[in-house]
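*Asks:* So the sequences go chain by chain: A and B. Under numbering that gives the first Met the number 0, the first residue of the first sequence carries the number 0, and numbering increases by one thereafter. Under numbering that gives the first Met the number 0, the first residue of the second sequence carries the number 0, and numbering increases by one thereafter.
You can trust all of the hints, since none of them are fake.
Stretch-level coverage of chain B by chain A, calculated; a stretch enters the list once three of its residues show a Cβ under 8 angstroms from a Cβ in chain A:
1. 49-59
2. 68-75
3. 83-90
4. 95-109
What follows is a list of derived Cβ distance ranges for each label pair:
5. B:Gly221 with A:Arg262: 27 to 37 angstroms
6. A:Leu13 with B:Arg16: 33 to 43 angstroms
7. A:Pro173 with B:Ser135: 26 to 36 angstroms
8. A:Ala138 with B:Pro112: 34 to 44 angstroms
9. B:Pro112 with A:Trp146: 39 to 49 angstroms
10. B:Ala128 with A:Leu13: 31 to 41 angstroms
Please keep in mind that the hints were generated in silico from the structure rather than gathered at the bench. Positions of the beta carbon are idealized from the N, C-alpha and C atoms, including for glycine.
Listed below are the residues making up each chain.
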Amino acid sequence: MTTDTVPADRTVDLALARAVWQRNRDVFARLWTWLLIPNVVDVCLSMLALGLGLGASVSDFGGTGYAEFIAPGLVACSAMFSAGFECSYGTYYRMDKQRTFDAMVATPVQIEDVVLGELFYGAVRGAVSATAIAIIFGAFGLFGSWWALLLPLVAFVTAFMVAALAVTAASVSPMLETLGYWVSFGIFPMYWLSGTFYDAGELDGTLAALQQVSPAYHAVTVARDAATSSFGMHTVANVAVMLGISVLCTWSAIVLMRRRLIR
Amino acid sequence: MSSPAEIVVDARALTKRYDDDRIAVDGIDFVVRRGECLGFLGPNGAGKSTVMRMLYGFTPRTSGELTVFGMDVARNPRLIKARLGVVPQDNNLDPDNTVWQNLLIYARYFRLPRKVAIERAQVALDLFALGDRRDSEISELSGGMKRRLVMARALMGDPELVLLDEPTTGLDPQARRVVWRTLREMRRQGRTLVLTTHYLDEAERLCDRLILVDHGRVILEGRPAELIAEHAGGVVFEADLTDVAADGAPAQLPAVTTAAMASTGLDHVYESGTLTVYGAGQDPAGVEAAFARIPLPAGTTHVVRRGTLEDVFLRITGHALAEDE
Ligand SMILES: Nc1ncnc2c1ncn2[C@@H]1O[C@H](COP(=O)(O)OP(=O)(O)OP(=O)(O)O)[C@@H](O)[C@H]1O
Ligand SMILES: [Mg+2]
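Bound conformation, chain B alone (with noise of 0.2 angstroms):
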């Protein structure tokens, strides 16, 4: 790869323990590099937010360590949110004023020249397609516009670093295209991104690199490509045995099928009538006829597809999870 580019956040043995004990970030450790986008993955609770909120001082850390510009975030918060542009995963707009005077406002508290703030607003409006929505209450833009407000509005500050809290949740497929769009737009100018999101396809699309999260740990962290190949592998077979017996799905897979796969050494999930077979770990030639093999109750309908991120996640966190019963 390229020679290592400066660290733009370090945070080391990161720990945030809220008010009633509850251990919400368990001692993690990550950096991000200068022009890179990272992406937090994980389940409900997961912590993602709470990382996020430490990174702009919202939320204080219990223990450990997080500069981000090689400031420490307790210390210089207003230096670092000076650089920072945030995407909270709850649109707080301001509801008492329109879609530009929103931009407007939120200019002032970076202490733009009205001129440099008008200036960039009208670009913000333009990159985010709400140029006919200027003068709109907050009110009257759908779910979708609002989004693409506050990232309008995080842009403001023309930040080296944006945080985005689950940009693209409650978009339709088109707003998703126009937010991944806006989101490689910020990359070609140069700026870092940390996003988390629950879509495995947006987190292949965008992220150079992602960490998995579950309850407060790093579980996981690579290359899209690289943890689908270590994780899932290239090709994957899935069965459907909802329809095998009038009563559904049995609840546990048939003993002979469990047996054949053991021998084979194929790993496998199987979750509400859907068996997962992964093809990691195994001969990339002889995957697929491995598969072939693998003995089914009579009604099973299988597939066999290309591996995805969203195989890694749920094989990983559904083994954390098992970890932790």
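Next comes chain A alone, as it looks inside the complex (with noise of 0.2 angstroms):
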């Protein structure tokens, strides 16, 4: 008998999951402070330079003003950054360096609770950040609608797709080091092309095209639309888009993490 005969066991287990996340969510809870301000730091530099600085000569943006134009934009990808980091860099910590997976995987625990409790880690310190600042942007009176009420929901689908696409970058990452090619070609141009910026109808051909299979463009677009209440059937295309990236992505992270750890 060999292992092609005898199906491994490829389930996943909620509670043990949770086990998982609960272990993050325990380191978290002791340093948040430390982790969460530079992620409010940066944020609010951004509003400051753009949506002050350079909102000042660029005036009726959109029927509103800059700063308001790209509130919703710097929520969202807020929540895509600290997701993006913490599930790249963090995940691959904790993997590669502390060994923390392979002492987990020595209980009950399986590979494939492992990864969604990290990617659920990664959704909550997305929501948490992009929470922080969204009440800092709501103070200064800079969303038109109630509806903004649903960012931090938005800021969690959105850190939990963006989470499972760093998991799975860190899964074939041969190094640390190397996970600085996610962040160049993964992170940063989501962020430039997610519209938080300027309006999507700016760019045409290939940035377009980009800017459409861009997964921080649809929370982008999602996050304004709440801010703005100007929900429609895009809102919802864009709610699945998300989702269906989430559910691909958490598929790769699973496959390519076992692949990784299992050998």
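Using the hints, put the two chains back together into the complex; each one sits in its own frame.
*Replies:* Next comes the structure, spelled out in structure tokens:
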């Protein structure tokens, strides 16, 4: 008999995935101020430089001030950044340097649970950063609608999607250092193409096509729909794309992590 | 011996071939019975850790059969691992958390209620003399303390079977004794142990049964005392030839010495200036006299001592290595 004839257990145990997320949550709970402050400061600086600085010379942007225009996008992108870094560098570090996953899978926990727990943590981490920023922006009256209260949820979905991409990147990264490719060819292009800083209609040709397939673009669009209460069928379509990418990349993250860790 | 105990681990023709086509485990068979302590011995790269990792399903087998608690490891890893304690060769404690949190977080992976987890963590810390290190960060622990914490952690799931890959490597003599004491304590609690070690005194002290592996194959198996009697003998003669000449030990034994041993049927190994002659297979009454008649160059010092597992190991792996060449 070979392993081919013995199908391996590939189920996910949600209770154990929760235990994995709790491990990360406990660390975050201890260090949250340290972890959160840079995220918040980064985004607030972008807002100051672009919203107030650049915004002063960009009048009447899309019917609102420039600061109001970029606020929902910056919230969604902050979710992308936290989850995108946490689930690439953070996950890689736990997997490779700290061997935390090896310790976990010596218990009833399986790789599948580890990946799901990591993704859920990335999602929560992104949602927490984004919410902190949304509260600050909200206090300055940068949102036009009470539907902006949905932003934490949008951020959660955004962060989960990006986390799944990031863990996929981590699972194929040969070294910690090569994750720079994920940042330069993943996170930053997604950021600049996300439609946070200019109207989607401004691009054409290849860039417009790239924007359509960029996960963050859909997230920013949904965030803006919420902040300005301009929901429509396109909102449903964008949410559907985000959920689709999330499912696909959760699957790729699990398959590739299994391949990487189980030899 | 006592009636055959329940078989906890059953491995048949167990084989592991890594991606690079390296055969790490080459069709080995063994069983582990409930309540015993089985030790794997063998040189670096022999395949010991691979076997240990296959036992908890971390490394999938290439072929063969492997059941633990009567269940296939590939099919039922969660059920099996719920009843296992694992001490890996490399410590993988969680450096983001304190000693105490390491234990409590690990307990969650076994779905333990918090109250039970706290009780067990306290017992485990006390057992491994780490009670006063509860709130230390992992980076503040010495190597030996880390090793003991990994062992304490392995007990959180109240395992029936504990797998220990080189539990005492890197420990000072005192810490090793603490570990030995706790391993004996684990056995008193009815746990079955499988361990690997490079320390033969440890193997002799702790294990009921030993399996000697080399190049992924079982070379020898048996109880420590039986292995010594059979393969080394009650007494062993050891001569030191390093000072016989100004330029050190001769590369080869003098012909007279070799011839004398051949005529009496004494088995020997000569390596790095040390000649070891084994009493195994000889009449125990006459063996010391036979040793005394071995012609040796002037300047040689010698001792006659008890046979040990080390002798068995060196002799058998020496032969195995020679066969390979
Ligand atoms: N993950 C891996 N990928 C490829 N080859 C491996 C892997 N792990 C081990 N090997 C190879 O398998 C063989 C057995 O290694 P293993 O670690 O099981 O030996 P060991 O008996 O535990 O050695 P040591 O006493 O040094 O710990 C070695 O040749 C090793 O190079
Ligand atoms: Mg090893």
